[in-house]
Amino acid sequence: MKEGEFRIPSGCAIAALIHKDKHRENGERITQAMQMMHERSNGLGGGFAAYGIYPEHKNEYALHLFYDTLQCKDACEAYLSHHWNILHEEEIPTKPHSQIKDAPLIWRYFIESVEHDENKMTETMFYVNTSITGAYIFSCGKNMGVFKGVGYPEDLAEFYCLNQYQAYTWIAHGRYPTNTPGWWAGAHPFGMLDFALVHNGEISSYDANRRYIEMFDYPCSLLTDTEVITYELDFLMRKHQLSFVECADILAAPFWDEIDQMRPDKKRYYTMLRRNLGSMLINGPFSIILGFQDGVGAMNDRLKLRSLMIGEQASCVYMASEESAIRKMSPQLNRLFSLKAQEAYVVTYEEDAK
Amino acid sequence: MKKQPKYEIIKDQDRCDTCRACEFQCANGVYHYDAEKKKMIIDSLSCVNCQRCVEYCHQNALKIIANRNEYHHGYWQMEDMQEIYQQAEHGGMLLSSMGNDKAYPKYFDHLLINASQVTNPSIDPLREPMEVRTFLGKRTHHITRDTNGNIQIKVHPHLHLKTPILFAGMSLGAISYPAHQALLEAAKALGTFYNCGEGGLPKAFYSDKDSIIVQVASGRFGVDPTYLKHSAAIEIKIGQGAKPGIGGHLPSRKNSALIADTRMIEEGSEAISPAPHHDIYSIEDLRQLVNSLKEATQYEKPIIVKVAAVHNIAAICSGIARSGADIIYIDGMRGGSGAVPTRIRDHVGIPLELALASVDQTLREEGIREDVSIIAAGGIRNSADVLKAIALGADAVAIGTAALIAMGCHMCCDCTKGNCNWGIATQKDALVKRLHVEQAKRQLIHLIQAWTLELKEMMGGMGICSIEALRGNRMMLRGIHLQEEELRILQVKHAGSR
Chain A
3 MKEGEFRIPS GCAIAALIHK DKHRENGERI TQAMQMMHER SNGLGGGFAA
53 YGIYPEHKNE YALHLFYDTL QCKDACEAYL SHHWNILHEE EIPTKPHSQI
103 KDAPLIWRYF IESVEHDENK MTETMFYVNT SITGAYIFSC GKNMGVFKGV
153 GYPEDLAEFY CLNQYQAYTW IAHGRYPTNT PGWWAGAHPF GMLDFALVHN
203 GEISSYDANR RYIEMFDYPC SLLTDTEVIT YELDFLMRKH QLSFVECADI
253 LAAPFWDEID QMRPDKKRYY TMLRRNLGSM LINGPFSIIL GFQDGVGAMN
303 DRLKLRSLMI GEQASCVYMA SEESAIRKMS PQLNRLFSLK AQEAYVVTYE
353 EDAK
Chain B
1410 MKKQPKYEII KDQDRCDTCR ACEFQCANGV YHYDAEKKKM IIDSLSCVNC
1460 QRCVEYCHQN ALKIIANRNE YHHGYWQMED MQEIYQQAEH GGMLLSSMGN
1510 DKAYPKYFDH LLINASQVTN PSIDPLREPM EVRTFLGKRT HHITRDTNGN
1560 IQIKVHPHLH LKTPILFAGM SLGAISYPAH QALLEAAKAL GTFYNCGEGG
1610 LPKAFYSDKD SIIVQVASGR FGVDPTYLKH SAAIEIKIGQ GAKPGIGGHL
1660 PSRKNSALIA DTRMIEEGSE AISPAPHHDI YSIEDLRQLV NSLKEATQYE
1710 KPIIVKVAAV HNIAAICSGI ARSGADIIYI DGMRGGSGAV PTRIRDHVGI
1760 PLELALASVD QTLREEGIRE DVSIIAAGGI RNSADVLKAI ALGADAVAIG
1810 TAALIAMGCH MCCDCTKGNC NWGIATQKDA LVKRLHVEQA KRQLIHLIQA
1860 WTLELKEMMG GMGICSIEAL RGNRMMLRGI HLQEEELRIL QVKHAGSR
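Those protein sequences? They're chains A and B, same order as listed. Sequential numbering from 3 applies to the first sequence in this note's numbering. Sequential numbering from 1410 applies to the second sequence in this note's numbering.
In short, the hints are calculated from the structure, not lab data. Since the structure is predicted, the reported quantities are computational estimates derived from the model, not experimental observations. Keep in mind that the hints are not guaranteed to be accurate.
As the list claims (entries may be wrong) - Taking CB as the label site, the calculated pair distances span:
#1 A:Asn121 x B:Thr1751: 51 to 61 Å
#2 B:Arg1554 x A:His118: 15 to 25 Å
#3 B:Glu1693 x A:His118: 33 to 43 Å
#4 B:Arg1731 x A:Leu338: 52 to 62 Å
#5 A:Glu41 x B:Arg1554: 38 to 48 Å
#6 A:Phe339 x B:Arg1554: 28 to 38 Å
All C-beta atoms in this analysis are idealised placements derived from N, C-alpha and C, irrespective of residue type, glycine included.
Construct the entire structure; sequences and hints are all you get.
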């Protein structure tokens, strides 16, 4: 059995490293941070998202795919080349690792993009992932990529040779699922266009959120919190042009008792959001880190039921489930704090960043 | 054919001190004291099992049990034969009251509720906020920005409830004036809504319009612009769970001066509610009525359309959602009525749980679920039913029978006769006086408060702290003793499955 056939609660470790000036570095420090939180994973899933790794293909979609068989690879490639112009394709380099077993075929494709073809790309992703058995698009953004699989994050980093990639933002996830699905596509981050989302916690509003977002043609095929939260954010940020902070006002809305005491304009704002978009409200514990084209956002649940620490040092921002992981990446920090309940924290790249 | 009594009255002679309370309390004339013989004469044939005498017997000397006399045929049960005797004698339709009491499945009792363990925390309502505030009406995701870049989303007219439980519509005529007073007063105190039913709105209630839902039913009793104005929402009653497809009839003997005045009809006349609305023979006609009512009330109030759960309920509700209505009220087959042909009550309609699940799913598949809110009603017995209905997809529930029981109803289901010993389903002055408004109001308030507490406790247990996160959250339910097809319609997994 795998994701999508039943629901699997997971505990997790999450972390991020962001260079606001878009200075790039390899995957070593983020890997060390994940190694520090080894106990928060159980070896059944881990992954990384890296932004800025394909500068020579930055205007093209970079598709990362898992294939169970050569047959499904053929079928998928036929589908892709029918709908898109594939400019370059290659197997993603990996290094054999004693702890990483049963890896599928892992390929990447650089695909020509024209204006306003984002919806076409998400449709391709939904089609391949739900209709071509054995093929799975787990990353489809531009100048970014997701690397994930079954194993501990630090082992997967070696497997994927992440020390060979230069990124200005790294986001990482170590998973503690409560059973043994052993399906590579079920690992996190969850990638969709330029979004890469990692999440810690198990939300209790899952089915209410799922059944709402499915009305807008987001098929929740994995039955994971990460998937449904990504879809909600895509719906709000990409389709409705809301900021990450505004999304937090909906997903982790203030309580009515708080709203009742706000000044009139704020009260009106939050009342309007909750009365209309209450079905997107998330209940239960979550801390999330979302990578997007302009930056990175972090958000905590309304009751602060999951940990998320943020550290700032010069033009770098660090995020992690535990302070130890942040200190591992940067022992010196200008500022270190715990993200508050309901609060959104956003890092945007500096304007003159290359 | 001699009529068999349905009940036997058993009196403990040793305990009875002949205080005659039973005689004074029984409006059906079951008890008669024979002064000469110094003996209480009991006519059990007149007994409807309202339990009034039992409650008032300070010696606890009375018991009412089902008639132990039996006909011994495995197929032709006593009830079947009695009904045949009755119809053979009178040639009329059999009448009943309240809701379907037959042994159809009670799906609520086949649904189990989830709770958090280890992988996420339960939330303690004593320590954390637990939100049950509910808004009923249209929701939209149409987001624009004003010139300052601020988000603008249209907020449609909504009913604002402090707890997701409303009182169902019951007309003045079906139930008494003090019962209406108690329901209104309780709704005001609870931050929910009283529904005046189809019998008009007493003028004395006008000042409380913000807690009132007024009904526009096929008889249009008491409907004029002033009536529409004195409400928080308007409910178009197409059908009723107890009697889908059937109209109503308030007999002339119940049509007192107050009722006639409230209904705007002649005192002592027969008050007939036609089976259909004679201006609604199809869905596009409904749309015109919805729009007319909105036009008449300056688009300030949500419009509710109440329908009985029938076979094609999903398609019907899909049509209603596209009619401009803001709220759909689904009344399941266990819903009550003051008077209903027995065969209709017991055989027409479908269970609320299946109807609700099917409607919610259909509206989602069509992408129009947010265009309407859903009120589920018809047989909601306790807070677990409330929670299960919301998890199946309702925004709120309405209670009629449970509210009557809270006021003292003992479910004798003999409302048609108008002899309600509890002062609820009667218009006879001497009986109406028995219902004390303050006490009934207090009991209603207590009931809803208790259910709300239980609802919060169960929500906290499953790690949910806002009612909107429970709405349609079917993963929080598991079925037990259900067939595959039933699970498919309810869209819940069987208990024990992953």
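Fill in: Hints the structure fails to honour
none
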